[in-house]
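Trainee: Model the full assembly from the supplied sequences, consistent with the hints where possible.
Protein chains in written order, with the working numbering: chain A, 1 to 549; chain B, 1 to 119.
Simulated from the structure, these hints should not be mistaken for laboratory data. Virtual Cβ for every residue (Gly too), placed ideally from N, Cα, C.
Okay, derived cross-link-like pairs now, EDC-like style, lysine to aspartate or glutamate, Cα gap no bigger than 16 Å in a straight line:
no., chain 1, residue 1, chain 2, residue 2
1, A, K528, B, E19
2, A, K444, A, D525
3, A, K284, B, D98
In silico contact screen, one side only, chain B against chain A (beta carbon under 7 Å); selected entries:
no., residue
4, W18
5, E19
6, F45
7, S57
8, T90
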Amino acid sequence: MILAQATGVEGSSPILNISIFAIFVIITLAIVIRVSRKASSGAKDFYTAGGGFSGPQNGIAISGDYLSAASFLGIAGAIALYGYDGFLYSIGFLVAWLVALLLVAELLRNTGKYTMGDVLAFRMRQRPVRAAAATSTLAVSFFYLLAQMAGAGGLVALLLDIKSKTGQSIVIAVVGALMIAYVLIGGMRGTTWVQIIKAVLLIVGAGVMTLWVLSLVGFNLSGLMGDAVSHVGSVGEKLLSPGAQYGKNGTTRLDFISLGLALVLGTAGLPHILMRFYTVPTAKEARRSVVWAIWLIGIFYLFTLVLGYGAGALVGPDTIKKAPGGANSAAPLLAYELGGTVLLGLIAAVAFATILAVVAGLTITASASFAHDIYVNVIKRGQVQDEKNTEVKVARRTAVVIGIVAILGGILANGQNIAFLVALAFAVAASANLPTILYSLFWKRFTTQGALWSIYGGLAITLVLIVFSPVVSGKPVDAATGKSPSMLQGVDFHWFPLDNPGLVSIPASFLLGFLGTVLSKDKADKKKYAEMEVRSLTGAGAEKSVLDH
Amino acid sequence: MSTESPPPGDVTTDHPDWETVQRSPEFQALRTRLRRFVFPLTGAFLVWYLLYVVLASYAPGFMAIKIGGSNITVGLIFGLLQFVSTFAITTWYVKFADRKFDPHAEAIRREIETGEIER
Numbered sequence: 001m002i003l004a005q006a007t008g009v010e011g012s013s014p015i016l017n018i019s020i021f022a023i024f025v026i027i028t029l030a031i032v033i034r035v036s037r038k039a040s041s042g043a044k045d046f047y048t049a050g051g052g053f054s055g056p057q058n059g060i061a062i063s064g065d066y067l068s069a070a071s072f073l074g075i076a077g078a079i080a081l082y083g084y085d086g087f088l089y090s091i092g093f094l095v096a097w098l099v100a101l102l103l104v105a106e107l108l109r110n111t112g113k114y115t116m117g118d119v120l121a122f123r124m125r126q127r128p129v130r131a132a133a134a135t136s137t138l139a140v141s142f143f144y145l146l147a148q149m150a151g152a153g154g155l156v157a158l159l160l161d162i163k164s165k166t167g168q169s170i171v172i173a174v175v176g177a178l179m180i181a182y183v184l185i186g187g188m189r190g191t192t193w194v195q196i197i198k199a200v201l202l203i204v205g206a207g208v209m210t211l212w213v214l215s216l217v218g219f220n221l222s223g224l225m226g227d228a229v230s231h232v233g234s235v236g237e238k239l240l241s242p243g244a245q246y247g248k249n250g251t252t253r254l255d256f257i258s259l260g261l262a263l264v265l266g267t268a269g270l271p272h273i274l275m276r277f278y279t280v281p282t283a284k285e286a287r288r289s290v291v292w293a294i295w296l297i298g299i300f301y302l303f304t305l306v307l308g309y310g311a312g313a314l315v316g317p318d319t320i321k322k323a324p325g326g327a328n329s330a331a332p333l334l335a336y337e338l339g340g341t342v343l344l345g346l347i348a349a350v351a352f353a354t355i356l357a358v359v360a361g362l363t364i365t366a367s368a369s370f371a372h373d374i375y376v377n378v379i380k381r382g383q384v385q386d387e388k389n390t391e392v393k394v395a396r397r398t399a400v401v402i403g404i405v406a407i408l409g410g411i412l413a414n415g416q417n418i419a420f421l422v423a424l425a426f427a428v429a430a431s432a433n434l435p436t437i438l439y440s441l442f443w444k445r446f447t448t449q450g451a452l453w454s455i456y457g458g459l460a461i462t463l464v465l466i467v468f469s470p471v472v473s474g475k476p477v478d479a480a481t482g483k484s485p486s487m488l489q490g491v492d493f494h495w496f497p498l499d500n501p502g503l504v505s506i507p508a509s510f511l512l513g514f515l516g517t518v519l520s521k522d523k524a525d526k527k528k529y530a531e532m533e534v535r536s537l538t539g540a541g542a543e544k545s546v547l548d549h
Numbered sequence: 001m002s003t004e005s006p007p008p009g010d011v012t013t014d015h016p017d018w019e020t021v022q023r024s025p026e027f028q029a030l031r032t033r034l035r036r037f038v039f040p041l042t043g044a045f046l047v048w049y050l051l052y053v054v055l056a057s058y059a060p061g062f063m064a065i066k067i068g069g070s071n072i073t074v075g076l077i078f079g080l081l082q083f084v085s086t087f088a089i090t091t092w093y094v095k096f097a098d099r100k101f102d103p104h105a106e107a108i109r110r111e112i113e114t115g116e117i118e119r
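Mentor: This is the structure in structure tokens:
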């Protein structure tokens, strides 16, 4: 998500926006402090809230974790400006949940305890596989976190009218400090409640705006789309057909397919999503949570479709493009058009809440992975005395370190073109994590070497392809802005033609996992596979909820 | 089972013989039941999704055809159908899991936990 540095959205009242956001922070902090009193001090409570959430609660929290500011502001804006092409994002992000529902969620809940590494290392040599799983978890979380934090900087410029870099840096630091506070005080329990509150606000807010837009056009979607087209922006009629953004030539078409692949296969490999399945007591509740998440996320994306075309029709693509933040300002501008300063303030606060909830979820996942996989199992070889306190202490300290890194990274990346980072996080998740998860769960012969090849191979291929892609260097200079859309200006070392590496990196990782397995000298551990398969399907010996005894 | 079950990877002495359970006809049937349902369905929705992506990319003319003089295009309908199919598959799977999978899985789990399967 990228937002330009310029004056705030017209009609925006920074003081009102900040007040509404402050109320959100006060209320959520109060709730986090309240729920944290019920918590016991152990690792289980810190990482997974003792597995005590119900399916519906977790489903709402998942949608709160998943619907980032990029999906709210970015998708609505992309639909307003590029029409149909923006729709692909929402469809990919939604269909992806079927992979999680059918293949991953329940089996993962039955075999793991706290992290993705628990499942991947289940029948493998513990130390190398856990180290690999943690590396990939930290990489995905870091890219995702950086994108969110830098986005927070842009959002400040857009909604609070803070133009100076110093002012924006202070706001990024405040967001980071709040995130650390939520995680330290509330652990997974507090983070989950923040996500639940945010999801309700976001979905209700988008729903109200959708009904409002539809009532203005007499609930006639066709008429709304006609209005959007008649505002002939730069693409006009193309708003209704595919190709406004990706249809230029053979390369951009392949890019579209590559993006589509990474979107649909990435979700079920995102560590912060996987970890949410441990917060419910049983596999059946994990299933219910995915069902809730699918309905909520699907309905939300249908709202963004109306909001995107609504912004195109009521605000007009030219106004959106000229506004600070470009595409990302479509939804806030539409809010102002509909409900004036107050609705704009509410939507701005919801957008902030969104960033806060997502970064808190990422932080707790990354710190759990470091403390549980790397510290306890790799460094201490599982021999931690007083496991309860030591592990949580390490996790808390890690959360603080991650928070500080995220603040510094966010300040450095503020204003940079880092929009590709979310796509990168999805590409790594789809390449390094998903193949390894699926092989672990379903392929009897899969070995330690296969797991290491698919994780490290997938991660390395994805990173190399991104570094040498046009996203980083070598896109032609845009005459209108005088800048190249690439991250680096004035250099060109790209040789990979696509912006999105998924088309190459995902099949390559599946292949590496296969080759690593058939070429390894060790045979798979049959006993462990038997245990994993029986446990994953029947739930026997699964991690119990602390609440049901 | 104790409430704090051993972490994955720990070998405890009182665990059931997982390989015996795995070889049992009940478990084999359970596994086949799940795989026969989820694998073809996964293949189907992935193909259906990729069809949409490929059509949007390589047949924009077809996707831009307007239906009956409205501004609703074939592409929009295709996109909305992806939502419909996702909701439908979700509902279908839950029905399958609740009625045809869970009872069998629970029966095997009870046998494991009471030690019956090792007779």
